[in-house]
Each structure stands twice: as structure tokens, then as C-alpha cells.
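Novice: The lines below spell out each chain.
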Amino acid sequence: MISECGKSLTVLVDSVDSNVEELKNIILRYAMKSGGRRITLILHKEARTRPLELIKDSILNNHVYSLIIYELESRGEALELLEKHVCNDSILVLTTRDNLEELLRRLDGKVLFEVV
Amino acid sequence: MGYEIVLTSDRTMMSNHHGKEFLGFIATGPPIAMPESLWMMLAAPKVKVDDAGRPREAPYGMRKIEAVLRDAGFNAAIIDPDHIDKHLDSMKILMLSHHDYFAYGPPSSEWWSITGMEPINRRSFIRFMNSPVVRKAKEKGVKIIVGGPAAWQWLYELELMDKWGVDTIVDGEGEKVVVELVEKALRNEPLPRYVYVGAGDVPGVNEIPVIKGASVNGLVEIMRGCPRGCRFCSVTLRPLRFIPLEKILAEIDVNIRSGLKGAILHSEDVLLYHADGVKPRPDPILRLHREVLERIGEKRSLAWSHVSLAAVKYAEENHKLISKLMNELVLNEHRRFLGVEVGIETGSVKLAHEIMRAKSSPYPVEEWPNVVEDAFRIMHENKIIPAATVILGIPGETPDDVMKTIELIERLKPYRSIIVPMFFVPMGALKHNAWFLRDHLKHEHIDALLAMYNHTIYWAEDIMNKFYFSEPYHAPLKLLLKYFMGYVRKQVNRYAGRLEEIIKK
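These protein sequence lines map, in sequence, to chains S and H. Residues in the first sequence are numbered consecutively from 1, following the numbering used here. Residues in the second sequence are numbered consecutively from 1, following the numbering used here.
Isolated chain S (complex conformation):
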């Protein structure tokens, strides 16, 4: 189930100190568009976003979507994990304006970007 392809949404959270509520709304919007029922979140500690703290109150944990959350030590490890992701399902990167250009170069055109 964890690496299974097919109608899943994978999200890399690369923006620092993201507001979890805002993230939740963006992610759900894309999840609905993807039409799937599985969301994988890739986070890294450099981004200082800890959604586990809020997931207990979050509508992401709503018994409909399967949710897989990775929390890696560094941004490099998070990007590496995303690059290894073999599925061609929807991939969304939430990033800052500063990082956008670098990520556009590094990740190919199949990835959707949203600046937060």
C-alpha cells in the first residue's frame, strides 16, 4: 500500500514553517483533483513543519484517505526520496519562491508546484 501506484497524491513540503491548516487545505484540494484515496506527505526537519502534532485534529485523518507521512532529517534526503518515487501519479511540491527555480530544474515536468 505504501509505495503502491495508482491514483495517489505525493506531496513534498519544502516551505519553511508552513501553516498546517493552509497545507491541509491545499493538499485536500489536490487530493480531490487526483481522484485518489491515498496521500503521501514527504517532510523534512529543515522545513520545521511537524504536521504529526496537528494530524490528530486534522481532517486529513478522516477515515477516507490513507495517509503516509515521511519526516526526513534533511531537505536533501526528502528530495532523494521524492526522486526515487517511481509512480507517475500526481506529485505536488509546496515550496518557496526562492527554491522554485532550483526544484524546477531538478524535478522533471510531471511535478506540480505551488508556492506557499
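The set of hints was computed from the structure by calculation and includes no laboratory data. Backbone N, C-alpha and C fix where the C-beta goes; we use that ideal spot for every residue, glycine too. Among these hints, one or two may not hold up.
[Unchecked claim] Here are the computed lysine-lysine pairs in the BS3-like style, where the Cα-Cα straight-line distance is at most 25 angstroms:
#: 1; chain 1: H; residue 1: Lys350; chain 2: H; residue 2: Lys404
#: 2; chain 1: S; residue 1: Lys84; chain 2: S; residue 2: Lys110
#: 3; chain 1: H; residue 1: Lys138; chain 2: S; residue 2: Lys45
#: 4; chain 1: H; residue 1: Lys20; chain 2: S; residue 2: Lys84
#: 5; chain 1: H; residue 1: Lys92; chain 2: H; residue 2: Lys261
#: 6; chain 1: H; residue 1: Lys176; chain 2: S; residue 2: Lys7
#: 7; chain 1: S; residue 1: Lys7; chain 2: H; residue 2: Lys184
#: 8; chain 1: H; residue 1: Lys299; chain 2: H; residue 2: Lys247
#: 9; chain 1: H; residue 1: Lys383; chain 2: H; residue 2: Lys261
#: 10; chain 1: H; residue 1: Lys466; chain 2: H; residue 2: Lys404
#: 11; chain 1: S; residue 1: Lys33; chain 2: S; residue 2: Lys110
#: 12; chain 1: H; residue 1: Lys48; chain 2: H; residue 2: Lys86
#: 13; chain 1: H; residue 1: Lys261; chain 2: H; residue 2: Lys20
#: 14; chain 1: S; residue 1: Lys110; chain 2: S; residue 2: Lys24
#: 15; chain 1: H; residue 1: Lys478; chain 2: H; residue 2: Lys404
#: 16; chain 1: H; residue 1: Lys136; chain 2: H; residue 2: Lys46
#: 17; chain 1: S; residue 1: Lys84; chain 2: S; residue 2: Lys7
#: 18; chain 1: S; residue 1: Lys45; chain 2: H; residue 2: Lys140
#: 19; chain 1: S; residue 1: Lys84; chain 2: H; residue 2: Lys184
#: 20; chain 1: H; residue 1: Lys212; chain 2: H; residue 2: Lys247
#: 21; chain 1: H; residue 1: Lys261; chain 2: H; residue 2: Lys350
#: 22; chain 1: H; residue 1: Lys92; chain 2: H; residue 2: Lys138
#: 23; chain 1: H; residue 1: Lys247; chain 2: S; residue 2: Lys45
#: 24; chain 1: S; residue 1: Lys45; chain 2: H; residue 2: Lys184
[Unchecked claim] A few chain S residues facing chain H, derived, Cβ under 8 angstroms:
#: 25; residue: Met1
#: 26; residue: Ile2
#: 27; residue: Leu72
#: 28; residue: Leu79
#: 29; residue: Leu81
#: 30; residue: Leu112
[Unchecked claim] Cβ-Cβ distance ranges computed for the label pairs, FRET-style:
#: 31; chain 1: H; residue 1: Arg357; chain 2: S; residue 2: Gly76; range: 45 to 55 angstroms
#: 32; chain 1: H; residue 1: Pro472; chain 2: S; residue 2: Glu4; range: 36 to 46 angstroms
#: 33; chain 1: S; residue 1: Lys7; chain 2: H; residue 2: His474; range: 51 to 61 angstroms
#: 34; chain 1: H; residue 1: Ser258; chain 2: S; residue 2: Arg29; range: 45 to 55 angstroms
#: 35; chain 1: S; residue 1: Glu22; chain 2: H; residue 2: Pro414; range: 49 to 59 angstroms
#: 36; chain 1: S; residue 1: Val111; chain 2: H; residue 2: Asp439; range: 41 to 51 angstroms
#: 37; chain 1: H; residue 1: Tyr495; chain 2: S; residue 2: Glu4; range: 50 to 60 angstroms
#: 38; chain 1: H; residue 1: Lys46; chain 2: S; residue 2: Glu4; range: 47 to 57 angstroms
#: 39; chain 1: S; residue 1: Leu104; chain 2: H; residue 2: Met1; range: 48 to 58 angstroms
#: 40; chain 1: S; residue 1: Val111; chain 2: H; residue 2: Gly259; range: 56 to 66 angstroms
Assemble chain H onto chain S, guided by the hints.
Specialist: Leaving out everything else, chain H in the frame of chain S:
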């Protein structure tokens, strides 16, 4: 030979509770009127193990995960918590499961709230996680994966998750997740911190394996999920699946081969096995019981985990199914009762309408108090002994709702049963609401607690003497429980009238 993957839990889980499932609930309370060691002995005695430390019987959910891993070819086994040191050299993954890791579930949370003392299950689990063997395992790089019905509680204990080095929380049915997680862990790949298994990823009946070793007190699952949609419950949000009879019987055989003395049929509502919606059908129920009883023979005990009161009433009134089951199949000179858990939750029709509209189905929700009383009468007449729950502090509850609950409890006085209070815990569709704690107790809640206490004390001795502890070897247990009940009775009588003040202190 050591195991690479060790599944375990603390002693409050890894016990057969003297062969009496209900005694396991004692572990949800703090030790009262006796030392902790005696309380543990009463609630959770050690189980028999083999040379490798594998328990003769183990929690059912862990048996399922063990079976999935072994079917996939992994070197995995459930190991008693006192014996995991035997596998320290070989262990690469430690998998934990629990019904109530931190005592945040019902009824632990309310005993904790009322007494102000930490329940035994929490103390025991924390002691286990801090034990030298678990710390040593972590130092050696063993991955720790936690799951089970109380996995959600880790989200409230993220600091402990970091302190103890828990790698992954798996919340939900684990059969389709666990192999992949273990493969990742063994390959040293990054593990997810959290996995929630949504409705679309639960296993189908063909993906649920047959257990390889015996389950605690012979518990065997006959269904998963529940169609009633009660808003305080998380089970009801899972898809409904009926386990095929041949798989049920295969698991009964596993338990019998291990020498267990009984079977517990597990479902959120046993009478809904292959039902027509919420209407029980006699044929599948009778066939299930006939085949199970044929397997377990005349001397082994039989229990149901849960049944709904509406199903009991409907089954008896429309098909005489309860009396047929009990008188023609279950009861004999060795099996003199059948125990089961039931949910009353509230006596208020208004509240029932808001949070559990389908619990009374196929009867209208306005009939809920009558459904409860009729079902209790039917069970009493047929020697089914229910342990019932009532929830206090449901969001939106008014003093009048609590009064209606007290009235209903009083109507149930003639019927052999015990009634246990539960403080509302935010779960299921109501998970965003606040916890009900002792600071929220009002006068009417104290009255409700006393009504349940009076009912339970009234019937407990009768149940203990005539039904529950009939074997001579149960005498010390019976004595200990009688002593405890006597102590509680004395304290309640002594402080009656001042309970509200004392609890809120």
C-alpha cells in the same frame, strides 16, 4: 534460533487474564486497596511460554500480523515481554501493539480521571518501554513499529515517540501495510513516521490470514466493521466484511490444538453475521454456532465479544433465535451462561438521535429505552450476561439527558448484568470534540455513576458465585475480588453524599 522480527506488548496485554476476558479490564484501573503487584496478578498473570519465549496464547490482532509476516516468509514471532532478551542478537524490528498504550481510551481514562491515579496499563507499558532490553534493542539499531487499536494515542505522545525511538505508527488495519514496512526496515530504507490505513486500503476477506498460534482465550473474528454508524465509534467507519466460516473454524482448530478451554466469537455485533442489513438471519447464525460448538465440544466455554441490543430484540421477537441458540445449542451442564459486551451509551432518545440513530435499527430511535430493556430481559431469561457501557459527557449532553440515563438504569435492575460508565473520549466522527474529564462532572453525573455502581454491585456477587467462578481453582481470585468489592462498598458508603466534592478535589 532468534527471531528477526519480534512482536510483543507489555504484560497487561500479554496475558489470558486467568481465562476470564473480563478480568483484563481490571488492568484499565489504578491499583486500589492492594499493592500494584497483586493488582497485576489479578488482572494480568503471566502466560505459559515455550523455550523461545513464544506465548501459548497472544492478542488476536498481533496473531494476524504474525501470520501475514510468516506467510510472506519472514522470520517473525510473538514473544512474551519477559523473554525478548533471548532475541536481542537477532532482532531487527520490534513491533508493538496495544488496546490502550497510554490509558487514554475508555474505560482507563475515566478511572484515571476519577481517582487521579495512573492506570496499571499505562504504568506497565511505560515500564516496558523504559526497560533495559528495549533500550538496548534501540541502541543496537532495532526499528520500532507501533500499531493496534490504540495507535492513535501516539499522536498525543510525540515526545515519548522521539524519546523511545519509535520509528513508525500504523493506525488502522495492518495486513496490507506490514510486509512493505518490514521490507523497507530490513533494507534500511526511510520508514514513514505515520501510516493511516483508510477505508480503500483495508484488506478484503481473502487478504486476512488464518492465525498460526492461539489467541487470548480463544478469540476468533467473525466480521470486521459495523453498519450502524454511531458517531462516537471508529470501527463503524470501516467497510463491513464477513469472515468465511471455514476460516473461522480453522482458527478455532488452532486454538483447540493449543489446549485452550473456550472460544470467543468476535464482532461488533455477532448477530449480524451475514445479516440482512441490521436484521439478523437465523440460518447463518445457527450454522455458525452449530459448527463452532461441534468443534469446541461440550466442555469448552463460548462467549460473544459484542452484540447490539436491537439485534437481540429483533432476533428473538421475529425468529425466537436467542432462545433457540441458547437452549438448543449453547447451554449445558458445563456451559451455564454466555458473556457479552453491549452498548447502552445513553437513555436519552434526544441524544441517541444525535449520535447513534441507527443503534436501535430496525426499531425507531424513539424506542431506544424500550429496545434496551427488552433486550436485557431476553438476555436475562436466556442466561446471557451482558457487560454494558454507558457514556457520560457526550457532546451536547444536558442534565435531562443524564436523568433519562439514570431512569433507564433503574429500569434494568431486575436483569442480571453489569453496567460500566465510560467518560466520552473523542473518537470516530466526534474526534474533534473535547475529552470529558472529572472537572466536567456535575451532580447528575455523580448520580449516574452511583446508579451504575449500585446496579453492578447488586449483580456482581450473584454472577461471581453462580456463573463466573465456578471452578475450585478460582477460589483465591474470587476471594480477592470479594475483598476489593467490599472495600469499594465501604468507601462509597462512608463518603456517600460527599462524592462530588471528593472527586473534584
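Novice: Evaluate each hint against the coordinates.
Specialist: Verification of the supplied hints:
Among the hinted pairs, Lys350(H) with Lys404(H) is consistent with the structure: their alpha-carbon atoms are about 10 angstroms apart, no more than 25 angstroms. The hinted pair formed by Lys84(S) and Lys110(S) meets the criterion: a straight-line CA distance of about 14 angstroms does not exceed 25 angstroms. Note on Lys138(H) and Lys45(S): the hinted pairing holds, with a Cα-Cα distance of about 21 angstroms set against a maximum of 25 angstroms. Pair hint Lys20(H) plus Lys84(S) does not hold up; C-alpha atoms about 51 angstroms apart against a cutoff of 25 angstroms.
For the suggested pair Lys92(H) and Lys261(H), the alpha carbons sit about 35 angstroms apart, so the restraint of at most 25 angstroms is broken. Proximity of Lys176(H) to Lys7(S) is assessed by CA-CA distance (about 17 angstroms); at most 25 angstroms being required, the pair is judged to hold. Note on Lys7(S) and Lys184(H): the hinted pairing holds, with a Cα-Cα distance of about 22 angstroms set against a maximum of 25 angstroms. Proposed proximity of Lys299(H) and Lys247(H) is supported: the alpha carbons are some 22 angstroms apart, at most 25 angstroms.
About 20 angstroms separates the Cα atoms of Lys383(H) and Lys261(H), which keeps this hinted pair within 25 angstroms; it holds. Between Lys466(H) and Lys404(H), the direct Cα distance comes to roughly 31 angstroms. Violation of the 25 angstroms bound is thereby established for this hinted pair. For the given pair, Lys33(S) sits about 15 angstroms from Lys110(S) by alpha-carbon distance, which is consistent with the 25 angstroms threshold. Straight-line distance between C-alpha atoms of Lys48(H) and Lys86(H) comes to about 16 angstroms, which keeps the hinted pair within the 25 angstroms bound.
With a CA separation close to 11 angstroms, the supplied pair Lys261(H) and Lys20(H) stays within the 25 angstroms bound. A threshold of 25 angstroms between alpha carbons decides the hint, and for Lys110(S) with Lys24(S) the separation of about 22 angstroms falls inside it, so the pair holds. For the hint pairing Lys478(H) with Lys404(H), the CA-to-CA distance comes to about 34 angstroms; that exceeds 25 angstroms, so the pair is violated. Taken as a hint, the Lys136(H) and Lys46(H) pair is honoured in the structure, with Cα atoms around 23 angstroms apart against an allowance of 25 angstroms.
Between Lys84(S) and Lys7(S), the direct Cα distance comes to roughly 18 angstroms. Compliance with the 25 angstroms bound is thereby established for this hinted pair. For the hint linking Lys45(S) to Lys140(H), the alpha-carbon distance of about 24 angstroms falls within 25 angstroms, and the restraint holds. With a CA separation close to 13 angstroms, the supplied pair Lys84(S) and Lys184(H) stays within the 25 angstroms bound. Distance hint between Lys212(H) and Lys247(H) is fulfilled; the C-alpha atoms sit about 12 angstroms from each other, no more than 25 angstroms.
Of the pairs offered as hints, the one joining Lys261(H) and Lys350(H) is violated, with about 43 angstroms between alpha carbons and a cut-off of 25 angstroms exceeded. The suggested pairing of Lys92(H) with Lys138(H) holds, with an alpha-carbon distance near 9 angstroms, which does not exceed 25 angstroms. As the CA atoms of Lys247(H) and Lys45(S) are separated by approximately 46 angstroms, the hinted pair breaks the 25 angstroms bound. For the hint pairing Lys45(S) with Lys184(H), the CA-to-CA distance comes to about 21 angstroms; that is within 25 angstroms, so the pair holds.
With 8 angstroms as the threshold, the beta carbon of Met1(S) comes within range of chain H, its nearest partner Cβ sitting at about 5 angstroms, so the hint holds. This hint holds: Ile2(S) has a C-beta 5 angstroms from the nearest C-beta of chain H, less than the 8 angstroms allowed. Because the beta carbon of Leu72(S) sits about 6 angstroms from the nearest beta carbon in chain H, less than 8 angstroms, this interface hint is met. Given the 8 angstroms rule on beta carbons, the hint for Leu79(S) is violated: about 12 angstroms separates it from the nearest Cβ of chain H.
Interface restraint check: Leu81(S) against chain H, minimum CB-CB distance 6 angstroms, threshold 8 angstroms, status holds. With a least beta-carbon distance of about 22 angstroms to chain H, the hint placing Leu112(S) at the interface is violated under the 8 angstroms criterion. Between Arg357(H) and Gly76(S), the C-beta spacing of about 52 angstroms keeps the proposed range 45 to 55 angstroms intact. Restraint check, Pro472(H) to Glu4(S): a C-beta distance of roughly 56 angstroms breaks the suggested window 36 to 46 angstroms.
Lys7(S) and His474(H) have their C-beta atoms about 55 angstroms apart, which keeps the hinted 51 to 61 angstroms range intact. As the Cβ distance of Ser258(H) to Arg29(S) is approximately 52 angstroms, the hint placing it in 45 to 55 angstroms holds. In this structure the supplied range 49 to 59 angstroms holds for Glu22(S) paired with Pro414(H), their Cβ-Cβ distance being about 58 angstroms. Separated by about 50 angstroms at the C-beta atoms, Val111(S) and Asp439(H) satisfy the suggested range of 41 to 51 angstroms.
Distance hint check for Tyr495(H) and Glu4(S): the Cβ-Cβ separation is about 58 angstroms, which falls inside the suggested range of 50 to 60 angstroms. Under the hint 47 to 57 angstroms, the C-beta atoms of Lys46(H) and Glu4(S), about 41 angstroms apart, miss the expected range. At about 53 angstroms, the CB distance of Leu104(S) to Met1(H) agrees with the hint of 48 to 58 angstroms. Look at Val111(S) against Gly259(H): about 58 angstroms separates their beta carbons, and that is inside 56 to 66 angstroms.
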